[in-house]
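Trainee: For reference, the chains in residue letters:
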Amino acid sequence: MRRRRTEPLTVLFAALGGLLLLFIAAPLLWTLGAVSPAALMAALGEGEVRRAITLTLWASLVATVLALLTGVPLAYLLARHDFPGKRFVEGLIDVPIVVPHSAAGIALLLLFGREAIVGRLLAPLGLRFVAAVPGIVIAMLFVSLAFLVDAARDGFAAIDPRLERVARTLGASPWQAFRSIALPLAWRSILSGMLMMWARGLSEFGAVIILAYHPMVAPVLIFERFEAYGLDAALPVAALMILISLAVFVLLRMTTRRPEGRVR
Amino acid sequence: MSGGALRLEALEVRLEGFRLAPLTLAVEAGTYLVIVGPTGAGKTLILETIAGLRRPAGGQLFLDGAEITALPPERRQTGFVYQDYLLFPHLTVAENIAYGLRRRGLRRRERETRVEALAAMLGIEPLLDRRPATLSGGEAQRVALARALAVEPRLLLLDEPLSALDPATRLRLRGVLARLHDALGMTIIHVTHDFEEAFTLGDRVAVIHEGQLLQVGTPEEVFRRPNSEQVARFVGVQNLFRGRLQPLGDGYSRLHLDDISITVVGEAEGEAHLSIRPEEIVLSREPLHSSARNSFRGRITAIEDRGTLAYVAVEVPPVFTSVITHRSLEEMGLRVGEEVHIAFKASAVHLF
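Protein chains in written order, with the working numbering: chain A, 37 to 300; chain B, 820 to 1171.
Don't take every hint at face value.
Have a look at the derived ranges for each label pair, beta carbon to beta carbon [said to hold, decoys possible]:
| no. | chain 1 | residue 1 | chain 2 | residue 2 | range |
| --- | --- | --- | --- | --- | --- |
| 1 | B | S982 | A | L105 | 39 to 49 Å |
| 2 | A | W211 | B | F837 | 23 to 33 Å |
| 3 | A | L113 | B | N1046 | 24 to 34 Å |
| 4 | A | L113 | B | A840 | 30 to 40 Å |
| 5 | A | L56 | B | H909 | 34 to 44 Å |
| 6 | A | L161 | B | G877 | 46 to 56 Å |
| 7 | A | D196 | B | G1030 | 18 to 28 Å |
| 8 | A | T291 | B | A983 | 27 to 37 Å |
| 9 | B | Q1031 | A | H117 | 27 to 37 Å |
Computed from the model, here is a short list of chain B residues facing chain A with C-beta under 8 Å [to be verified]:
| no. | residue |
| --- | --- |
| 10 | A876 |
| 11 | G877 |
| 12 | F881 |
| 13 | P892 |
| 14 | T897 |
| 15 | G898 |
| 16 | H909 |
| 17 | Y918 |
| 18 | R923 |
| 19 | R927 |
| 20 | R966 |
| 21 | V970 |
Because the hints were derived from the structure by calculation, they are not lab data. A virtual CB, placed ideally from N, CA and C, is assigned to each residue, including glycine.
I would like the entire structure built from these sequences, with the hints used as guidance.
Mentor: Following this line, the structure appears as structure tokens:
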């Protein structure tokens, strides 16, 4: 028998795709390679850098938790119920992904600014959004919530609703059926959605910088150092953020991998 | 565990463009009711409505005399078993069975005792620590039954519980269902499209076709005396009988019915059901001397001429129905009330 040759078309597509992959990997690796471990450590030693990174991680986590508390119920409703305007709601959730993020920042400012409606309403509670951490949180929340809601909705939708019905006949209230059946079964999807949202929040620059240039999150710090001192000054912080993002990404891949176990 | 008496009062079931005519039906406590109907006749919807998982579009539901139409499912004490088991995939078999017990706030010790008793009853003790994904269909359906029985339901609702199983497992599980009903005496509503299940398991059979409840009665009534042409057409002519088997020792057995006995292939003992397809039963005016092991003389009680084919009912007793061509009906000149001979091979008898 003749040995099967690889199709020329396959070779061509692989070459084209390979170029694109190189385009992703090369800059990242180059950046990491351009920074010596000593420079990384030195950057980590700076108070300003540490504060920016910690703030970034925290603010994005708070945004993720806010989305968890409100977005998971929304995702469950979307997965389980049909209602008029459902497609509109689903579209609305994804809008922040397509809106330019600086424009999103402006839009938020219009509502949460010092003299704006919501800003004035919440000021007595001690919540300030301009040039403050809450502003960073809502900017991150706005641009990244779709990742969590969509993942959670897909997770719930993949569960046979009859499982919850069986639970109801066995004596579970709607809340108990959600808590003991739907939530554990969708947990992987929700967790990966949280990680995706967290990672997206960490990297947010456009919306954050409009609401809060200070206190500085890491992406803003990178920008500032680049503007003020040039490439070499921005590089170590950039490399640090790339490393952190990669770590989150690896975590994400680990949660989305199918669990071990035989499946019929 | 005792059964509940269920009453459906003009119950209306509807789902996106699909609707059933208002259903009125009374099920006595402890009855095994089999609802037969073709796939897609809305049988699952009826069960889900009885369980409270769907809101009826109209009508009322009563359990033991009390109205439950508006009661949420968790307060109805109905067990539900779906065709495809629907075990909770993230829980072990034991945790699945204990799910309802946990909801009822039973202590761990009590839960374990109940789970073990149920597992013993259904023969699934070795599976208790396994995950649902590792079970065979028959095993999974036993677990689903145990899980439903754990809450001591007043009403056990079975949605095509045997349809997804291979024939051998189906037969075994059918025996399990019959034994459970005898032992526990709860009310069971079992929907299926399988006539054998209806005939073997049901105390009562309800026929649903094209959104209508056509007939309710004992299996004998429904299969032997369909009350309408629709039912007759749907259930078909089955020649269904029940009898006691006695092995003959030569590879055959005799099946004793009330008035006659029939020779069947294979050696077996005990209660059995049998069916003979009407085209397997040969009709003649003279006694037949053929290889057919079963031949009887009887009287024609009905002739139904359907154009190319004609169904002839012959009372031996019992009544056998044979199908012949319209031409042979004319050639033989058969009339109601005349005596004829019928014959069929031992191998034409289907035991189940």
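Trainee: What hint numbers does the structure not satisfy?
Mentor: 3, 10, 11, 12 and 19
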